[in-house]
Amino acid sequence: YVSTYADFTPQATFDIKKCDLHKLEEGPPLQAVLTREEGLQYYRTMQTIRRMELKADQLYKQKIIRGFCHLYDGQEACAVGIETGINLSDHLITAYRAHGYTLTRGGTVREIMAELTGRRGGIAKGKGGSMHMYTKHFYGGNGIVGAQVPLGAGVALACKYLGNNEICVCLYGDGAANQGQIFETYNMASLWKLPCIFICENNKYGMGTSVERAAASTDYYKRGDFIPGLRLDGMDVLCVREATKFAAEHCRSGKGPILMELQTYRYHGHSMSDPGVSYRTREEIQEVRSKSDPISMLKDRMLSNNMASVEELKEIDVEVRKEIEDAAQFATTDPEPPLDDLCNHIFYNDPPMEVRGTNPWTKLKSVS
Amino acid sequence: FSMQAIDQVINSAAKTYYMSAGLQPVPIVFRGPNGASAGVAAQHSQCFAAWYGHCPGLKVVSPWSAEDAKGLLKSAIRDDNPVVFLENELMYGVPFEMSEEAQSKDFLLPIGKAKIERQGNHVTLVSHSRMVSLCLDAAAVLAKEGIECEVINMRTIRPLDAEAIETSVMKTNHLITVEGGWPQFGVGAEILARIMEGPAFNFLDAPAVRVTGVDIPMPYAKILEDNSIPQ
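Residue numbers (UniProt numbering), protein chains in the order written: chain A, 1 to 368; chain B, 1 to 231.
One thing to keep in mind: the hints can contain errors.
[Unchecked claim] Going by beta-carbon spacing under 10 Å, a handful of chain A positions derived as facing chain B:
no.: 1; residue: G67
no.: 2; residue: G128
no.: 3; residue: G146
no.: 4; residue: L151
no.: 5; residue: S278
no.: 6; residue: I346
no.: 7; residue: N349
no.: 8; residue: P351
[To be verified] With beta-carbon atoms standing in for the labels, derived distance ranges:
no.: 9; chain 1: B; residue 1: K74; chain 2: A; residue 2: S278; range: 50 to 60 Å
no.: 10; chain 1: A; residue 1: S296; chain 2: B; residue 2: D226; range: 23 to 33 Å
no.: 11; chain 1: B; residue 1: P56; chain 2: A; residue 2: K363; range: 56 to 66 Å
no.: 12; chain 1: B; residue 1: D80; chain 2: A; residue 2: N187; range: 33 to 43 Å
no.: 13; chain 1: B; residue 1: P95; chain 2: A; residue 2: K23; range: 28 to 38 Å
no.: 14; chain 1: B; residue 1: P27; chain 2: A; residue 2: G163; range: 32 to 42 Å
no.: 15; chain 1: B; residue 1: D226; chain 2: A; residue 2: I346; range: 45 to 55 Å
The hints are simulated quantities; they were obtained by calculation from the structure and are not laboratory data. Heads up, the beta-carbon is just placed ideally off N, CA and C, and yes, glycines get one too.
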């Protein structure tokens, strides 16, 4: 039995949850249209992120990945939803939980995994590691909490200055939301009407501190004060997409910045050195997994509307698994970066120079 | 993360007693891990000994052993001035033997005094924090070739115990400083300058040398990281 395309519903309209609004007369639409192709694509991408993060967990435990590793599983709807609401020519910057965004912004699983294992085929040639991955129009991957937000506003300023109708999506977490530099950024972005979408990924915990213990106001979508905001379900990829489209339109029409709070959840601890159960219960994690998992939510919607078959989705799962396996294979066999790359990339567009090694007689070469 | 708070460390802590001409002391200790760990890449591997050591009004302490950590921390807390206490993440897991005295309740170590961890006659190795371990390892290797190193554990970056280093150099006639931080304007650079300016210069049989981290942001890949700091 082979199901033909004629058997499936080509598109369906879904009711999505209303967003909480702050200083906005109206919000994103309450319904989203999803085509079969879109659905399959979102499913595939979210599943790829999920599997990639789980594989990274494995490799970390085998000590093939070292240092810091902050996993994104549970939050896939955010990265995928946001990307579908903007264009690749727009800009995006986030903090250290960045593997998902590296993928949605054009990176390949191979490059991402090889970067995690510190190989020359990595997206940053092995020199950046988990927290420092970049692609065109994706500015990382930033280790210092909150420091990426002013940078994002700067990118937005460049967009406005160049008049290219592009916008910048600036992400940060519930922990970073209390950082002073973010409020400075709100002020400047608002004053100068920068095309900046501030997005707070609220996964309820800043490392091990719950939002109640960290923030005097947990209404993160209102913290922009004079900046209009929306709060929405970050586990629903369609919600995220519609809100992002709405926000992008707001920015592109010259109204200035806007703030989105995505309520989401991470299954893993803060990083691989955090088991993630000392500040929350396993029951809580299990409950989110069973009731709000983003991939399951999309799958259920598509299946119950006859937009795809169980076999078809299973096939995607198999393909994704294979892609991850191949990438992991590459990531563990690709050689480490060559030593003569050690001192390169200090300066851009500069003549070659010498760099002091560990002692005065070692002079290493550096090219731009 | 130091750099996000560094304004207050320097402008609010270090300078206040001076600016108030003695009216407002700042008895505070800032402590935390400093320098390279393992695989934490560029933004989490910087050594701040030189940055903090540059500022008048600050005391900067960099313990190596468990005894250093305890004695210096107690002294830092009891000190009425701002003290930056630079720990090392990789040293947290290293066990040290502690004497009875060191384990006692009021064990204090003076800030501003270095310790000679190993006596020697041929060359002086000066270091702080984790690099002291490296120096001792190197000394053990060199001893087999008949070269006896004197290893000095600085313990304090500021005020620098130049006298201890000078006394040693006047005995051994050779000096090597070892640090994990970057070379330019670093701890080693300061020590070499002081030796030049002081009585020990005339006792050097060869130019003093600095062993430092490579002058690049810290890369992530293991092979690159291993080649970025003294081994």
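A quick look at each hint next to the structure:
no.	hint	result
1	G67	holds (3 Å)
2	G128	holds (6 Å)
3	G146	holds (8 Å)
4	L151	violated (13 Å)
5	S278	violated (19 Å)
6	I346	holds (6 Å)
7	N349	violated (18 Å)
8	P351	violated (17 Å)
9	B:K74 / A:S278: 50 to 60 Å	violated (30 Å)
10	A:S296 / B:D226: 23 to 33 Å	violated (44 Å)
11	B:P56 / A:K363: 56 to 66 Å	violated (34 Å)
12	B:D80 / A:N187: 33 to 43 Å	holds (38 Å)
13	B:P95 / A:K23: 28 to 38 Å	violated (58 Å)
14	B:P27 / A:G163: 32 to 42 Å	violated (55 Å)
15	B:D226 / A:I346: 45 to 55 Å	violated (19 Å)
The structure does not agree with the numbered hints 4, 5, 7, 8, 9, 10, 11, 13, 14 and 15 stated previously, though it agrees with the rest.
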